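So the protein sequences, as listed, match chains A and B. For the first sequence, my numbering gives the first residue as 316, with consecutive numbering after it. For the second sequence, my numbering gives the first residue as 4, with consecutive numbering after it.
Hints listed in this document are in silico derivations from the structure and should not be mistaken for laboratory results. Quick caveat: nothing in here was measured; it's all calculated off a predicted structure. Quick reminder that beta carbons are idealized off the backbone N, C-alpha and C, glycines included. It is possible that part of the hints are untrue.
[Claimed, not checked] Only some residues are given here: those of chain A computed to face chain B with a beta carbon under 10 Å:
1) Gly355
2) Met359
3) Gly377
4) Pro380
5) Tyr462
6) Val463
7) Pro484
8) His485
9) Ser597
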Amino acid sequence: MSTIVLDPITRLEGHLKISVTLDASNTVTAAEATGNLYRGFENMLVGRNPGDAAFLTQRICGVCPVSHAIASSKATEQAGNFTPNLQGLLLRDLIQGANFIASNILHFYQLALLDYVQGPAMHPWTPGYSQDFRFSAADSQTLMANYVTALSIRRQAQEMGAIFGGKLPHVGNVVPGGVTASPSSADIANFSDYLGTIKAFIQSEYNADVNKLATAYSDYYQIGKGYGNLISYGVFDTNITGTQLFPAGTVTNGAVGSFDAANIKEYVGHSWYSSPSGANPSSETTTPSYGKSGAYTWLKAPRYNDVAYEAGSLARTWVSGDYRNGISVMDRHLARYTETSKIATNMATWLSQLQVGVSGYTNMGTVTSSGNTGSDSEKDSENKTGSESENSSDDKSVSETDATTAATVVAAAATAVQATTSATGVAAPATPVDATTAATAIATNATAVVAGTGIGLTEAPRGALGHWVTIAASKISQYQIVTPTCWNASPMDDAGNVGPIEMALIGVNVANSAEPVELLRIVHSFDPCTGCSVHVMSPEGIEMSNFIVQPL
Amino acid sequence: MIPELKDTVIIGIGNILLQDDGVGVHVIKQLENEMLPSTIELVDGGTSTLDMLGFFLDYKKVIVVDCLRAGLKPGTIYKIKPEDISHYEKENLSIHDVQILDVVRMAKMLDKTPLVVIFGIEPEKISLELEMTKTIISKIPEIVSHIKKELKLN
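For reference, chain A alone in the conformation it holds in the complex (with noise of 0.2 Å):
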């Protein structure tokens, strides 16, 4: 018996180890997933305006920003009993749309392929494993061409999704609301460019390159299955009646079935948490106990019926009925370029629906309570009218200066705390920013919920998220998140049972256990990212002082 430990595996932002037993013959026998950072970000929310929790979560993880602006978003708007008009729901389509496909291609060129490909002698080639490459030379030098211009494409799809969604890569315009953005025809034709040369990209090359893939790795179909069970969230509304482009739902033993937010539960057994386990995340608190007993992950165990479910691509279009060939890595490739064509092409149609100079933003007014049940035409009806009387000051400089607005309100009220406790013999600010003014502008553009719940439920590109909100008295009370990676790299739970990739590693062969490219081919498929998010930069054997500045 021997142990392999990956720290870290993932290539994007991220602290996920993984650890493996093999037995004699090299199969995998049990695995560990560990996210290895403590997140517990949403306790800092209490006490703060619904409002704040947009422009905040987002900040958690740098790579699905936009996700986490919608799901809370959401979760305002739902306990508010408030639906966006179509505008800005198209709006929130096309800048999420655009993180899809840009997070999506990212992972199959920037943080797949090199489990695959053998590059040139250079960095990010190099260190790597040199285990069991099997493209031609010319399939590779294709490969690593398009890894190049992915790098491009994936910039392009950036610059798109700024052009609704403001500043990027943390959108501010985002709100409990919509969207505070009204597109000119201008902006829409600059985007449909854009959207052109990235749609022609994906359904050539990327088509071609992950067609290349699943062709020289086609046992890959039979590995890394795990559990076989799906959850998707839902994601793209596509009308204001709740249609969805990737709907929710679950697949339970093969069957599609529905999805109920009240099924969710959080186990903790396994976890560094002393708060209660199983508890659905509209009642979950979240107390760290790093070292507690039993336990080796910061991850909790998110669990639906109490059964270990795997978020992704793959359940979205599973649910969807678009890709339904098997559950296994390979799966998981041709199912993410399967929807990222079918996001591209839907862009296209979304893009034809938005009417120039009207705002997505419709203000929710003063909402006392989560128990209001006005019935969809009315609301649509609502929205209609304060889209329409907006528009009459159909100005997109006025839009873009609400928009900035919102978005440096947080920014403002950070500098605002700096400055404040900064007042011992440092400058002040040349334009000092009062915090209290800070939030109340918050207040005021984002939402006026004053109590109620809601819950707020997406899909980040590598699957579904939730926000959980409770507030009472304009204050947020409660607050939680459940996202993708922790369905996906989810610990053992009370009841024993393994998370998803530990379960689709456990019984993989492993060829060379010095190189176990199988391992890492298989967590990769999951596109994990844990980072949620310190940033620190650390260097290396790098005598730092050296490199100190001198006092000026």
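Chain B: place on chain A using the hints.
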């Protein structure tokens, strides 16, 4: 696309939810209050390091401000250029994340080699907290001065 006049970008990297980790972003907010020439673009990069690639392709000069833990006195300001450390075998500022040096390499793959200067700030404390430590807050004016000196604005 960027206006043609802009040739320098200053990018702040970090997580404002994690106290001193967010110093790069806070420096950008401070710079927004300074009257900088219109040729300079300021970017709050948050934690999306990889998304900064576009700026490395479009600008002649890129200044990065980030939290850098080397173990020296909190508040120490480091100034490094990627070429300064290119002879180090690892040439790697972190094994965990996509880092600025990776982005520099990616830009090179796309045939762009802007002048890159990294200002790293030694943190005192990184924990779940919006407000930075007093040590780092008090360093902000000095960091700004060093950036201005780099821009030849002093």
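Verification of the supplied hints:
no.: 1; hint: Gly355; verdict: holds (6 Å)
no.: 2; hint: Met359; verdict: holds (6 Å)
no.: 3; hint: Gly377; verdict: holds (3 Å)
no.: 4; hint: Pro380; verdict: holds (7 Å)
no.: 5; hint: Tyr462; verdict: holds (8 Å)
no.: 6; hint: Val463; verdict: holds (5 Å)
no.: 7; hint: Pro484; verdict: holds (3 Å)
no.: 8; hint: His485; verdict: holds (5 Å)
no.: 9; hint: Ser597; verdict: violated (22 Å)
In terms of the numbered hints stated before, the structure departs from hint 9 and from no other.
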